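As they're listed, the protein sequences go chains A and B. In terms of the working numbering, the first sequence opens at residue 1 and continues consecutively. In terms of the working numbering, the second sequence opens at residue 1 and continues consecutively.
It is worth saying that the hints were derived from the structure and are not from the lab. Note that the coordinates shown come from a computational prediction; the quantities given were computed from them, not determined experimentally. Misleading hints may appear alongside valid ones.
Below, in silico cross-link-like pairs of lysine-lysine (DSS-like), each with a Cα-Cα straight-line distance of 25 Å or less [to be verified]: (1) A:K67 to A:K104; (2) A:K117 to A:K7; (3) A:K36 to B:K122; (4) A:K7 to A:K157; (5) A:K67 to B:K348; (6) A:K33 to B:K283; (7) A:K55 to B:K283; (8) B:K283 to A:K104; (9) B:K79 to A:K104; (10) B:K79 to B:K283.
Quick list of simulated restraints, FRET-style, between CB atoms [said to hold, decoys possible]: (11) A:D90 to B:G246: 31 to 37 Å; (12) B:E387 to A:D6: 57 to 63 Å; (13) B:I367 to A:D73: 32 to 38 Å; (14) B:K348 to A:D90: 38 to 44 Å; (15) A:P135 to B:E388: 47 to 53 Å.
By construction, the Cβ of each residue, glycine as well, lies at the ideal position given by its N, Cα and C atoms.
As a plain string of letters, each chain reads:
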Amino acid sequence: MRIDLDKIQSYIAPNSHVLDLGCGNGELLLHLKERKNVTGIGLENDEDHILECIKNGVNVIEHDLNKGLSHIDNDSYDVVIMTLALQAMDRPDLVLEEMLRIGKQCIVTFPNFAHWKARWHLLTRGRMPVSDLLPYEWYDTPNIHFCTLKDFEVLCKDRNIRILDGDVVSEKGASKTLAALHKNLFGETAVYHLTRSV
Amino acid sequence: MSSEKPKKDQLANSVGIVSPQTMHFSEPLTLANGRILESYDIVYETYGTLNKAKDNGVLICHALSGHHHAAGLHSEDDKRPGWWDHYIGPGKPIDTNRFFVVCLNNLGGCHGSTGPASINPKTNEVWGSDFPMLRVRDWVESQKRLGDALEISQWAAVVGGSLGGMQAMRWSIEYPDKLRNCVVIASAMKLTAQNIAFNETARQAITADPAFNQGDYLVQDTLPKQGLSVARMIGHITYLSDDGMGQKFGRELRSGSFEQGIDEPLEFEIESYLRYQGSAFSKSFDANTYILMTRALDYFDLAREYGDDAVAAFKHATCDFFVVSFTSDWRFSPQRSHEIVNALTHAKKSVTYTEIESSFGHDAFLIPIQRYQRAFSAYMQRITISEEGDH
């Protein structure tokens with residue numbers, strides 16, 4: 001099971017209407033439907049994922065997220081979710097603003113570029129970090145906008161986005177303990193629960 | 001005589017030999033335009049078996065030039081199967097091992113159901129120009145009556161491409177409790193001005209043919225073949241894409257030569273192809289039906305009576321929706337399907353949408369395309385139907 005599911009689930013009220021941006025095979029929406037009785041739709045651009053969604057009984061709409069979300073009305077959803085895709089968007093800042101326009105709340109997860117392994121990689125080798133989680137070279141990676149927890153929080157402050165909660169999730173027990181000590185150094189994946197400032 | 005083998009191949013995964021049936025309706029049908037059709041016939045075919053719960057029926061709504069013969073062969077000597085044979089049959093997306101499939105020829109058609117070429121029982125003469133204009137809702141009403149007569153309690157799905165998709169959408173808001181799924185392929189909630197313009201040009205080609213005789217050509221014993229042929233050629237161009245046409249025909253010559261010093265008439269492959277298509281169509285289709293069907297297309301506007309608010313219209317629906325479009329379709333472009341999907345999501349309906357890469361233009365919905373077949377199959381397979389108890 002994906003490590004971020006429990007955290008995301010904890011942010012979602014039962015019976016919410018949910019939009020999952022880049023929903024993959026629909027795993028998260030299925031999970032939320034079972035546990036929180038959400039109604040929801042996923043947007044996805046990959047044809048294999050779309051087929052899996054259809055087979056899984058997940059409502060999926062074929063859509064390229066970089067084409068924007070302007071076709072969706074304000075406040076259409078209770079929660080808009082984007083997991084591990086923000087860093088691949090043309091303009092993550094505009095995507096965030098759009099997510100908060102169409103949803104009352106939003107949840108984003110992204111790989112933390114300030115994780116110690118990434119820092120160590122850059123420090124010792126002097127090259128852009130390549131890991132199991134992010135196996136691409138700098139020139140062919142779809143992840144064009146990496147950021148750290150701190151960077152993200154600065155953006156939220158600049159754009160008047162209210163952080164309801166921010167946390168990190170990690171795969172192994174040891175890294176979990178460490179992450180509790182220093183999120184920006186030991187947290188692999190960041191999970192943020194956001195809303196508009198009033 | 002032909003050998004046994006090719007026929008077997010043709011019948012593999014096929015519904016096999018089928019025969020159309022006719023149902024007579026004597027209860028008058030009040031039409032959207034106020035006129036009344038006192039009685040009428042509907043020709044239809046069925047494939048598969050209706051289960052005991054009568055909840056595995058799938059209604060196929062046909063497009064502009066379609067008819068009731070959607071799958072299988074009429075005889076072993078039939079050269080071509082029904083128009084949607086790639087998608088209807090055992091193990092195919094509309095799986096006849098699970099579903100009881102009903103496909104009819106719509107009223108106003110020219111393949112056996114009551115239409116402009118039928119005899120008006122009141123006058124004992126061919127209806128011709130006096131046949132009432134029909135709207136999509138009139139078809140839905142007559143389809144509803146056919147479903148009732150076949151004792152379908154609730155359609156597992158109402159399915160249609162193009163003009164057929166319009167019928168499926170109308171079903172979803174007119175009879176929400178009569179269907180569980182609505183499959184809308186390469187369709188639109190209303191035609192654009194450009195789309196109406198193509199239809200009008202086609203109609204003008206027909207009505208300008210002297211043999212048209214204001215629609216009463218059958219009484220006058222003439223046939224507007226030339227006009228209908230041109231109308232079909234216009235339509236056909238718009239059903240293909242520029243790329244698709246280029247790939248298939250390019251600038252290949254059927255006859256003649258460009259060589260200097262030779263003066264003989266040239267014919268491009270595309271000219272010959274269109275002429276052949278137009279000519280074949282003009283011998284098998286009724287000109288008044290063509291006018292009637294294109295008018296129904298033009299008049300259709302799903303949201304008109306809901307204050308032009310498609311979201312308000314779809315709020316009446318309770319079924320799930322599966323919407324499909326094709327990238328190179330410019331007659332019913334993906335943009336039109338986006339509009340449908342947006343209205344459905346805003347109405348908080350359950351909707352799945354996929355946009356299939358294809359160079360076949362609008363015709364793509366009839367053609368076997370692997371990704372389309374897979375997605376369509378996956379969607380149809382997830383429709384629940386009652387298990388057949390012991391016999």
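How the hints compare with the structure:
In summary, the hint linking K67 of chain A to K104 of chain A is supported, as the alpha carbons are separated by about 21 Å, within the 25 Å threshold. Of the pairs offered as hints, the one joining K117 of chain A and K7 of chain A holds, with about 23 Å between alpha carbons and a cut-off of 25 Å not exceeded. Proximity of K36 of chain A to K122 of chain B is assessed by CA-CA distance (about 63 Å); at most 25 Å being required, the pair is judged violated. With a CA separation close to 23 Å, the supplied pair K7 of chain A and K157 of chain A stays within the 25 Å bound.
The hinted pair formed by K67 of chain A and K348 of chain B meets the criterion: a straight-line CA distance of about 22 Å does not exceed 25 Å. At roughly 55 Å between alpha-carbon atoms, K33 of chain A and K283 of chain B are farther apart than 25 Å, so this suggested pair is violated. With a C-alpha separation of about 44 Å, the suggested pairing of K55 of chain A with K283 of chain B is violated against the 25 Å cut-off. Distance hint between K283 of chain B and K104 of chain A is unfulfilled; the C-alpha atoms sit about 60 Å from each other, more than 25 Å.
Restraint check for K79 of chain B and K104 of chain A: the C-alpha separation of about 59 Å exceeds 25 Å, so the hint is violated. Among the hinted pairs, K79 of chain B with K283 of chain B is consistent with the structure: their alpha-carbon atoms are about 18 Å apart, no more than 25 Å. Checked against the given bound of 31 to 37 Å, the beta carbons of D90 of chain A and G246 of chain B, roughly 32 Å apart, stay inside it. Judged by the Cβ atoms, the range 57 to 63 Å given for E387 of chain B and D6 of chain A is violated: they are separated by roughly 36 Å.
Distance hint check: the CB atoms of I367 of chain B and D73 of chain A are about 35 Å apart, consistent with the given range 32 to 38 Å. Distance hint check: the CB atoms of K348 of chain B and D90 of chain A are about 29 Å apart, inconsistent with the given range 38 to 44 Å. A C-beta distance of roughly 50 Å is found between P135 of chain A and E388 of chain B, which places it inside the suggested range of 47 to 53 Å.
In the structure shown, a violation is registered for the earlier hints numbered 3, 6, 7, 8, 9, 12, 14, in ascending order.
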